[in-house]
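K.L.:
Here is what each chain is made of, one letter per residue.
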Amino acid sequence: MKRFRFNQQEIVFAVFALLFLVFSIFLRGFLTADNMLTLLQNVAVLGILGLAMAIVVIGRGIDISLIAALAVPPGLVLQMVQNGHSLPASLLTAVLLTIAFGLVNGWLIAYAEVPSLFATLATGLLLAGLGQAALFQLDVVQWSPGMDGFERLGQGTVLGIPTSIWMFAIACIVVAFLLRKTRWGAYIYAIGDNPYAARVTGIPARPIIVLQYVITALIGCFAGLVMAASVNSMPTRVFNSTLIYDVILVVVLGGIGLSGGRGGVLNVVIGTLVIGTMLNGMTIMDISYAGQNLIKGVVLLLAVITDSFLNPRNEETAQQGDI
Amino acid sequence: MRDTLTSLRYRYWPDHLLGEILSKRWTETAIPVILLLIVGLALSRSIDNFLSPASLADTARQAGEIGFIALGLALVVIVGGIDLSVGSIFALTDFCALYLLDVLDWPVPAVVAATLLCGALLGAVNGVLIGYLRLRAFITTLITLIIYRSAYDLLIQRYSNAIASAFPDIPSWDFIGGGSVFGIPTVALVYIVVAIVGHIFMTRLRPGWHITAIGGSRRSAYNSGIPVRRTIALCYVASGVLTSIGALFFASRLGTVGGDIGVGLEVIVLTATVLGGITLGGGKGSVAKSAVGVLIVLLITNGLTTMNARGGVNRMALAGILLVAAMVDIRWQKNRTRIISKVYVAPTYHALPPPPPTEIGQGGPFEQNDKLRNVESIGLGRIEAPEDVILDRHDNLYAGSRHGDIMRFLAPDYQKMEVFAHIGGQPLGMAFDREDNLYVCIGGMGLYRITPDGTVEKATDETNRSMRSVNDDSRLRLADDLDITDDGLIFFSEATVRYEMDEWPIDGLEARGNGRIISYDTKTGVTRTELRGLKFPNGICVASDGQSILFAETFGCSIKRYWFAGPKKGKVEVVMDNLPGYPDNINLASDGNYWLALVGMRSPSLDLAWKMPGFRRRMGKRVPVDEWLFPNINTGCVVKFNEQGKIVESFWDLRGENHPMITSMREHRGYLYLGGILNNRIGRYKLDNADPNFVQYDKRWGKQS
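Each protein sequence line maps, in turn, to chains A and B.
What the first sequence shows, in numbering that gives the first Met the number 0, is residues 0 to 322, in sequence order.
What the second sequence shows, in numbering that gives the first Met the number 0, is residues 0 to 704, in sequence order.
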C-alpha cells in the first residue's frame, strides 16, 4: 500500500501532465506558441489571486470577497484617472481603500468573530455594491490616456516572456518569502494549524489574522491592476462571475487543505497550471460558458471531497458555528 | 433625606425586571419583531400607498415565496449547517415545473408532485455530501450552487423559447399563482399552514428536538444516540422541498424562466434568517424568527426599490444588514450569560436600625454566655449538612444530609445511623403529621412526604403562577421550612423565587423581598401562595391559637405572625424586629414559648451595604463572587421567645467548637437537639428546668399509646 501513497501535490502534478499530454495530442491548436502564451496570460491573474487566497486558507480562513478587491480598487484607479486625477494619487487612493477593506474583513473575522466565509461573502457584496452605486459610471471602466505606460504591467514581454507571467513570478517570490522566511508567516501556519494553541503560546493571533486579510486584499488589488493593464479596461461585473470558484479550485486542487496550516506557494503554482490547462482546453473544445462552469463545479466538488479525506477536519479545534 | 429618596427609588423602580426579561428566551424573538415594527412604520410614513391592500397583497405573495425558502434555510441553519444553493434549486425547480407543464403538458397535480420530488433530489445531493460525507456545508453548497446554476443555464438555452411561447390556461394553476381566499393570497395561506405545522414540528415533536440538539452540540447528540448523519441529510432534503414549494408558487405566478431567476436569492434569504435571530452555527431558532426576518428584509428591499435606489445600494444595504445582524448575534450568543448574570442581580434598599447589644456586660436579652459550650455531638463526621433535626414519638432522631438522604439515628443512644429515605435533593425543614408521615422541604425540588415505612412521595412542587411576575414563579425553587396546622394545612416558606439554593447569598446581597409563604392542603392537594414579598422567609411554626403561624424573615431580621383563619384572617403582625442576627428555624418549646435559631450575627459592614444598593451592584459586577460581602453565618445562638415578642433566654457558645453553627433546634424529653447546615454533626444539649416528658408529636397531635 505504501507505494501508492502519493501526496496530493504529486497526484495533481501527474494530472496536469496527463491533461497537458492529452490536450497536446488530441486538441488541434493547443500546443502552439500563441495558445501557450494565452494560457499563461490567463493563468497569471488567476495564479496571483490563488496566492492571495492561499494566505488566508493556510490561516484557516477563506476570502470570498477577493474578487471585489480585484475589481473595485483598480476600477477606482481607472475611474479617477478618467476623471482627471493623477495616476499616483489614484493608485494611492485605491491602495488605501484596499487596506481599509482588508482591515474591515480582518476585524470582522478576528475581533467580531464572524465566520470568515460569511463575513467575506457580505463584505464582498458591500464593496461591489459600493463600486456599483457610488464609484463607477459604467460597468466597464475604460482605459484613459492618463494611464499610458501603466499597461506595461500586463502587456508586452520581457526576455520573451509576457509581463503578466513575470508579475505572477514576482508575487510568488514575495508570498513565498513572507510565508517561509518571516516570523508572521510562521505565525499564520501556527494559527491555521490550531488557533487556540497558537493563542495560548502567545502569538498575537488577532492582529495576525487582520494582517492576513489586509495582505490578501492588497494582492487581490495587485491582480486587478495586472488584469486591467492586460485588457486595457476594468470590467467590474467580473464580480458576478464564477472567478472566485476558480480561485478556490486552484487552492484546493493544488493541495492547500481548507482546514488550514498546510501548503505553500508551490501548491498554488501547480493548482494554477492544472486549472489553466483545463480552462484553456475547454475553451478550445468550444464548450459553452455554462458547460464550463458545470465541469468546473464537478471538478471542484471532487477536489473538496478528496480534500476532506486527505485533510480531515480537526474536530478538536473545529468551532461551533464553523460552517 | 437622601436615604428616603434612595428607598423610594428602589421601592418603586423595578430593577430586577431587566435581568428577568433578558433571561427569557422570547426576548431574542422580540428584538427582530421590534425592528420589524420600526421598519414598517418608517416605510409607511415615507412611501405612499405602502399599506394599501394591493401593495400588502403583493408583499404577502413575495413574502410567502421567499418565506418557504427561508423556512428551509432555517432548518438547515438550526441543524448547524448552511445552504447557499437555495437560489439555484429555486431556479431549477421553477424550470422543472414550467417545463413539465408547458412543454410536456403534464396535469397540474403531477407537475406539483414532480417539482417537489425534483427539489427533494437536489437537496438530497447536498444532504448526502454534508450529512454522510461530512463535507463543510458552506463550501459544498457553494459548489452545488454553481453546478445547479450552470445546469439551469444549459437547460434554459434549449427550452426557454418553448416555455415562453406557451400560455397554459389551467384554472387550478392560475389559482396557485394568483388566487386568494378572503383576500389573502393562496401562497400566504399555504405558508401560514406550513409555518404552524413547522412550529409544532420543531417545538413539540421528537425529530424537531433532534434537529435542535444536533445544532446545539453535534457530538453530544451523537453520543446520546441521535442519528446525526441521517437527520442532517434530511434537513437538506427538506430545504430542497421547501425551496421547490416557493418555486412552484413563483412559477405559477410569473411563468418565466429568465436567466437571473434566483440569482442572489441565497443572500436575501440568509439575511432574513440571520436578521430574524436564527443563530449561525445552529441550535437556536424558530419558525417565528424566520418569518419575521423575511418580512423585515422584504420591506427593506421593496422600500429601496420603490424609492428608486440604484442596484448597488440595494446590495450594500442587504450586505450591511447581514453583517451587523450576524455580528450582534454572534456577540450576543457569546456574552449572553455574562450579560444576564451582570444585570440579573439587582440590589435594593434595606435599612435596619442599629442592632441590640450582644456583648458581655452590656446587658439585654441577647447578652452572650457560654451555655452551649459543652454540647454533645451525635453522628460526628458521619452526617453532612443537617439543616433541620426532628424526633418521632419513638425518640428516633431524623436529619437531612447534603447527599439527598434523610438519615435516622436510632434511640436510645443515637449511635446507630441508617438511611431512612433517599430523596435526591437537599432536605431542609421537617415536620411530622398526625399519621406519622414526615413532610420535608427539599431545596430545588419542593415539598415531599415520607411515609413511616420510608416511601418517598411528592406532595407539591408548584404553586399558582402569579400574573405580575416575569420569572415563572410557579415552580418551587427553595422550599425551606414548614409546619402543619390542626386541619392538615401545611404552611411552608420559599426563601427566594429568583435564585437557586446554592445562590442564597446572592439573594442576601439583593435584600429584596423575593420570598413567599405557600400553603399546601393535604386534604385537597391544592397549593396556594399565601404571602409574597418576604425577605428570605425561613422558619415557620404554628402559633398557640391554631389560627396563625409565626415565621422568620432571615434577611429582614424579624419574626412575624400571619393569621390564616379566625377574626384576624389575612393579617400580618410583627412579633420581633431588629434582631441582632439572622433568624432561621422556629420550633415549639416545652413551656409554651418558642425556640429560634439565629444562624449568624449581623455585621455593621453589611448593614451599611444594605443601605447602599448602588455600592452592592458595583460589587456584584466588579468583584469576584467569593469576595462579596455576605451575610455572616459563622456564629449564632439559640433564643427562646414568647408570642409577645419578648426574649426569654439565650444560649451562646463562645468557643464554637462542639457545634459551630445553628440553623435549627428541636426540644425533646429535656434535651435540645441542634442542627446546622454547614455542620458534620448534630448537637445535643441538656436543658435545665425543662419538661422531661416533652415530645413535640404528643404536644401537637395528642399522646398515643
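Worth double-checking, as some hints may not be accurate.
[What the hints assert, rightly or not] Residues from chain A shown here face chain B by an in silico Cβ test under 10 Å; the list is partial: (1) L36; (2) I61; (3) T122; (4) I160; (5) P161; (6) Y188; (7) V230; (8) N239; (9) V251; (10) G296; (11) L299; (12) F308.
None of these hints come from the bench; they were simulated from the model.
Bear in mind the structure is a predicted one, so any value in this text is a computation, not a measurement.
Every residue gets a Cβ at the ideal spot worked out from N, C-alpha and C, and that includes glycine.
K.L.:
Now look at each hint and say whether the structure bears it out.
P.N.:
Checked hints:
1. Interface hint at A:L36: violated, since its Cβ lies 28 Å from the closest Cβ of chain B, which is beyond the 10 Å cut-off.
2. Because the beta carbon of A:I61 sits about 8 Å from the nearest beta carbon in chain B, less than 10 Å, this interface hint is met.
3. A hinted interface residue such as A:T122 counts as satisfied when its beta carbon comes closer than 10 Å to some beta carbon of chain B; here the least separation is about 7 Å, so the hint holds.
4. Annotation: A:I160 was flagged as interfacial toward chain B, and the flag is violated, the nearest CB pair being 33 Å apart, outside 10 Å.
5. Hint status for A:P161 relative to chain B: violated, with the closest Cβ pair at about 29 Å, above 10 Å.
6. Interface restraint check: A:Y188 against chain B, minimum CB-CB distance 20 Å, threshold 10 Å, status violated.
7. Hint on A:V230 is violated. Least Cβ distance to chain B is approximately 23 Å, over the 10 Å limit.
8. This hint holds: A:N239 has a C-beta 8 Å from the nearest C-beta of chain B, less than the 10 Å allowed.
9. For A:V251, the interface hint holds, since its Cβ comes within 10 Å of a Cβ in chain B; the closest pair sits about 9 Å apart.
10. For A:G296, the suggested interface contact is upheld, since its CB lies about 4 Å from the closest CB of chain B, less than 10 Å.
11. Taken as an interface hint, A:L299 checks out: its beta carbon lies about 5 Å from the nearest beta carbon of chain B, inside 10 Å.
12. Residue-level restraint check for A:F308 holds (minimum Cβ-Cβ distance to chain B is 9 Å; threshold 10 Å).
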